[in-house]
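Residues per chain are reported as follows:
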Amino acid sequence: MYAVNYHRAASVADAAKLVKTGDAKLLSGGMTLIPAMKTRLAAPSDLVDLSRIAELQGVKVSGKTVTIGATTTHHAVANDEKLKKACPALAHLASLIGDPAVRHKGTIGGSIANNDPAADYPAALLALGATIITNKREIDADKFFKGLFETSLKEGEIVTAVTFTAPAKAAYEKFRNPASRYAIVGVFVAKGKDGVSVAVTGAGDDGVFRSKEIEAALAKNFAASALEGVKVPAKNLMTDIHASADYRANLIAVMAKRAVAAANA
Amino acid sequence: MSDVSLMVNGKRVSGAAEDRTLLVHFLRENLGLTGTHVGCDTSQCGACVVHVDGKAVKSCTMLAVQASGSTVLTIEGLANGADLHPVQAAFKEHHGLQCGFCTPGMIMTATDMIGRHPEGLDEATVRAELDGNICRCTGYHNIVKAILAASTTMKGSKGKAKQAA
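Chains as they are written, first to last, in this note's numbering: chain A, 183 to 447; chain B, 3 to 167.
Be aware that a few hints might be false.
Computed cross-link-like contacts, BS3-like style, restricted to lysine-lysine with a CA-CA straight-line distance of at most 25 Å [as the list claims (entries may be wrong)]: (1) A:328 with A:264; (2) A:242 with A:402; (3) A:375 with A:417; (4) A:351 with A:394; (5) B:57 with A:266; (6) A:242 with A:266; (7) A:246 with A:413; (8) B:57 with A:242; (9) A:325 with A:242; (10) B:13 with A:264; (11) A:220 with B:157; (12) A:202 with A:328.
Looking from chain B toward chain A, a few residues come up when the C-beta cut is under 8 Å (computed) [unchecked claim]: (13) 5; (14) 9; (15) 15; (16) 16; (17) 60; (18) 68; (19) 115; (20) 124; (21) 125; (22) 131; (23) 133; (24) 134.
These are computed hints drawn from the structure, not numbers from a lab. For each residue, glycine too, the CB sits at the ideal point set by N, CA and C.
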C-alpha cells in the first residue's frame, strides 16, 4: 500500500470538507477499498473515515418506509428485526454477502457507491425502486447505477442513506462464486404497488440491469410457472472464466424462477 | 503518522504508526502479538481474524488507525492463564488442527460464531459460518466437530464462557 493520510470524520459536514483534501477517498467498511489499496489498484492520498458518524448508522422502519443509513453494516442489515418483518428479502440478501467477518465491516453505502457489477445491493435497490440520499440530493436507483463501478455520484458527494417502500412480495436468489462469494448471477424480484420489477446483478456487461423479458412474463402472472420457456438474451451479458454469457442468460431465468417461488412462499 | 491507542486483551496500548499500517501488522510488529497470522493478505483466508469491539473482523483488511479507540481481542487474550478457553480446549480435544497456521483465525471466528448463536449450532450453520476461514490441512471435519463441541460446552456454562470470551 502506498502512504496515505487518514482522517476520521465527526459528521457528514466534516467529511464533506475533508474529502476535498488532495486526492481523497471516502472510507466506510473498507472491504473493497483497502484490498484495492493493498494491491495498489487504488492509491488515494487521503482517506476520510465515515464509519464513526452516528447519524449515518442504523435501520429505520416507519410503516412501509424503510430507511437504511449508509454506514449500516451488512451484519446489522441482516439481523435487524424490524427489517426482517418489513422486507425480509433485503435482510436475507445482506446475509449472503462475503463472509461473517466481511459482513461485520462492509456497509450498504460503500457497496452501492462502489457499484461492483457483481455486488448484491445494487440489484435490490434497483428492483425496489429505492432512492439514494446523499448530502446534496436524492437520486432514484435507476439513475444512480451507471455502469461498471460507475454511479451518478459527483466528486466528493457522500451517500448518507437509502430509502424505499417495502414491497408486498420480494426475494433474492444468488448463484454465487464459491471462492469470491460474489454473484455469478443474482436476481432480485419485487412486487409492489407499481407492478413487478426484476433486477439482475453479476451478469450484465454494463453492471446491474432490469430484465424486461422476465418482468413482462411476471406482470401477467407472478408465478414461477410463468417463466417456463422465457428466454433471456445473452447479448450484453458477461463472459469470463466463471461462466459464459449463454450460461448466465440461462441462470438468470433459473434464479428468477427460484426467487418468485421464494417470494410467493 | 498517527497515534494508535487500543485496548488489546484488556491492556491499554498505544504507539505511533504510519496511517497505512494494517491492524494485523500493528498487532504483530508493534505489540509482538504474533498469534494473529497473515495468510493470504487478500482478505480471503481468515488467519488474521481478531475481534474489534466484540465483532470478528479480518485484521489484514483494516488499518490500525481505523481501529484506534477500539477494544481488540486476539488469540493471546482468550485463555485464562493456564486454563484454555473452551474453544481452544475443544480444538485440542478434537484435533481441530494439523499445521496450526489457520488455527488462531479459526478459533477467533468460532468464538464469535458461538457468541452470535446462543441457541446452539448445527453442522450446516458452522460450515456456512466458516466461509471466510480457509484451512489447507484438516478438510474441516475436525474443526467443525470442535466448534460444535465447544458450543455445547459453552451453552452448559454460559456465565463462565461469556466471561472468558
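Consistency of the hints with the structure:
Restraint check: the Cα-Cα separation between residue 328 of chain A and residue 264 of chain A comes to about 31 Å, which exceeds 25 Å; the hinted pair is violated. Restraint check for residue 242 of chain A and residue 402 of chain A: the C-alpha separation of about 33 Å exceeds 25 Å, so the hint is violated. Taking the CA atoms of residue 375 of chain A and residue 417 of chain A, the gap is about 31 Å. The hint is violated against a cut of 25 Å. Of the pairs offered as hints, the one joining residue 351 of chain A and residue 394 of chain A holds, with about 19 Å between alpha carbons and a cut-off of 25 Å not exceeded.
A distance of roughly 21 Å separates the Cα atoms of residue 57 of chain B and residue 266 of chain A; the hinted pair therefore holds under the 25 Å criterion. Under the criterion of a C-alpha separation no larger than 25 Å, the hint pairing residue 242 of chain A with residue 266 of chain A is consistent with the structure, at around 12 Å. Note on residue 246 of chain A and residue 413 of chain A: the hinted pairing is violated, with a Cα-Cα distance of about 34 Å set against a maximum of 25 Å. For the proposed pair residue 57 of chain B and residue 242 of chain A, the alpha carbon gap of about 22 Å is at most 25 Å, so the pair holds.
Simply put, residue 325 of chain A and residue 242 of chain A have alpha-carbon atoms about 24 Å apart, close enough for the 25 Å limit, and the pair holds. Using a Cα cut-off of 25 Å, the hinted pair residue 13 of chain B and residue 264 of chain A is violated, with the two alpha carbons roughly 37 Å apart. For the hint pairing residue 220 of chain A with residue 157 of chain B, the CA-to-CA distance comes to about 40 Å; that exceeds 25 Å, so the pair is violated. Distance check on the hinted pair: residue 202 of chain A and residue 328 of chain A sit about 23 Å apart at the alpha-carbon level, within 25 Å; holds.
Interface hint status for residue 5 of chain B: violated, as the beta-carbon distance to the closest one in chain A is roughly 11 Å, over 8 Å. At a threshold of 8 Å, the smallest CB-CB gap from residue 9 of chain B to chain A is about 16 Å, leaving the interface hint violated. The restraint placing residue 15 of chain B at the interface with chain A is violated, with a minimum CB-CB distance near 18 Å, outside the 8 Å limit. With its C-beta approaching chain A no nearer than about 16 Å, residue 16 of chain B sits outside the 8 Å limit, and its interface hint is violated.
Among the interface hints, the one on residue 60 of chain B holds; its C-beta lies about 5 Å from the nearest C-beta in chain A, closer than the 8 Å criterion. The restraint placing residue 68 of chain B at the interface with chain A holds, with a minimum CB-CB distance near 6 Å, inside the 8 Å limit. For residue 115 of chain B, the suggested interface contact is upheld, since its CB lies about 7 Å from the closest CB of chain A, less than 8 Å. Annotation: residue 124 of chain B was flagged as interfacial toward chain A, and the flag is violated, the nearest CB pair being 16 Å apart, outside 8 Å.
Restraint check, residue 125 of chain B versus chain A: the minimum CB separation of about 16 Å is more than 8 Å; hint violated. At about 6 Å, the closest approach between the beta carbon of residue 131 of chain B and any beta carbon in chain A falls short of 8 Å, and the interface hint on this residue holds. Checking residue 133 of chain B against chain A by beta carbon gives a least distance of about 4 Å; that is within 8 Å, so the hint holds. Among the interface hints, the one on residue 134 of chain B holds; its C-beta lies about 3 Å from the nearest C-beta in chain A, closer than the 8 Å criterion.
Hint compliance for this structure: hints 1, 2, 3, 7, 10, 11, 13, 14, 15, 16, 20 and 21 are broken, all remaining hints hold.
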